[in-house]
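*Asks:* Sequence:
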Amino acid sequence: MLTAPQHADEYLEILMAVKGSSKEKRLASQFIARFFKHFPTYADQAIEAQLDLCEDEDIAIRKQAIKDLPSLCKDSKDHTHKISDILAQLLQAEESTELAAVHNSLMTLLKIDAKGTLSGLFSQIINGDDLIRERCIKFVTSKIKSLGHEVITKEVEDYLITECKKVLQDVNAEEFYQLLELLSWTRLGQTVAGQQELVDMIAEQADLNQDFEPQSPDNENVDRLLHCFKLALPYFSVSTILACFSVSTILTCFSVLPRLGEVKVQEEGSNPQLELLKLFAELCTHCGALENADAKLDKIFNKLLDYMPLPPDTDPENPNQSEPRLEFSHVECLMYAYHRLGKQSPDTLTKDQDRLKDFKLRLQYFARGIQGYIKKLREALHGKTAEELKTEENKIKVIALKTTSNINTLIKDLFHSPPSFKSVISLSWKPTTGAAKDGGTTSSGQKRHTPITFSSDSPSSKHYKTEKSQREIYQPPSGKYSTKVSSYNNFYNVGQPGALVVLQPRTSSRAEEGEHGAAEAFGETLAGFGVVATGGETTDTEGSMTQHTPHYGRRVK
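Residue numbers (the UniProt record's numbering): 1 to 557.
The set of hints was computed from the structure by calculation and includes no laboratory data. Hints may be right or wrong, so weigh each one.
[Unchecked claim] Result set (PhoX-like, lysine-lysine): computed pairs, CA atoms no more than 20 Å apart in a straight line: (1) 360 with 395; (2) 143 with 111; (3) 23 with 67; (4) 343 with 360.
Predicted, not measured: the structure shown is a model, and the values here were computed from it.
Taking the hints into account, I'd like the entire structure generated from these sequences.
*Replies:* Structure (structure tokens):
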């Protein structure tokens, strides 16, 4: 057994062997680590010699040296930070087996001294170049959780949280998401106070006090809001103080709404305008009390009117004039937000009778069109088995039915005199807790929606049962609008992808159109919900939440 000081010369010979043949180098790597604890005087020289082997041209020697590095810390934690720093730099290796060896050594080192190892990793995250930084963050965020709280003790966890907060001062979108996911695994994700800290971090990253600029390069502001709001949503609850941040985000959305039309819409893929509205609707679910609620509701109301047209005037000289388009997905978001927050100021609509009358005309016109969709979608889904409902086409039809049914439920509430805000719905894009046994059943359990009629002479909102043979699904009002709403069986999509739908009455009779015409019209109906039919297949054009990860806030070094 080599012992200091009588065998110091022999140990120095081992250190010199790192410049020998391949076999000598591999033996040197093993002996340097084995006798390292006996020669603390030569610790720095030994580490440098081992580092030389980690940079050798022969990959077999490099892998052996990397494997032996953690052994230098087995009996003393004094050098853990330095060894971890070396291994962190070696994460830039391109060869897969060598990179795996680095990962294994880091995991071994974490089990020896977790805090010291993390200090070396975070040193490179903060001061290293972009590639090393990226790989260190990826390692920390993907591997630490697998060690469990047996290795990541409370002391280590506190250190981890502190260092993550430092890194969060200068991150891009992907790094922010990875670090926040790691922090949610710690004690911060287990308590209300901890969750508040996480939400505060998200709020800081979202930069809610900054003026919204929809035409920023690459939609940077829009993407930042989308990502941050999406990350914050799981922490919102009406029963906790987190509702305060929800109010802040809602206030930000109020500044976004007037400029929503300026947000760039991609020709293909996701629709940022619709994504913002979806998040806005979800945020409203958990929003606390608003100051000056009437003014806030007016902003939602005015934006909602942009998507809810008045019935077109009858022009005998132009019977084929185009109908207004109905954007169902957008209307669901805005109407839900208005309905949800309207509870805070229920008399906001009744203060202006002219505005209320105008709004009810729009509601009535929209309701008649939407009931046509509901009927067609129920017919298409009726009798479908659970397996058949799993097809992509039927999934989209189910969402379309849920969207239209939600709007119809909200319209009924708002059409009351005075308007009601009692109904509770589940937003169409949110996952359901259970599947309906019959495709014809909506999420709210209602199987039939009674058409809404509006007449200034008949203020009563009561509905009376009639015999099925006497019931008419669509009962257009008498007067100047009757010729324009006489048929709602066929609808055409002529707008943007993402639920832009146009109501257009057909000039021919139903019998003349035949089954082919009805199928074609219904296919165009589905296009309004982001579906394009091509040769019997369907494609979702609306897309999901954007996967683009903008690099905001990351300084170029």
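*Asks:* Evaluate each hint against the coordinates.
*Replies:* Okay, the hints, checked on the actual structure:
1. 360 with 395: 32 Å, violated
2. 143 with 111: With Cα atoms ~12 Å apart, residue 143 and residue 111 stay inside 20 Å; holds.
3. 23 with 67: 16 Å, holds
4. 343 with 360: 19 Å, holds
Of the numbered hints given earlier, the model fails hint 1 alone.
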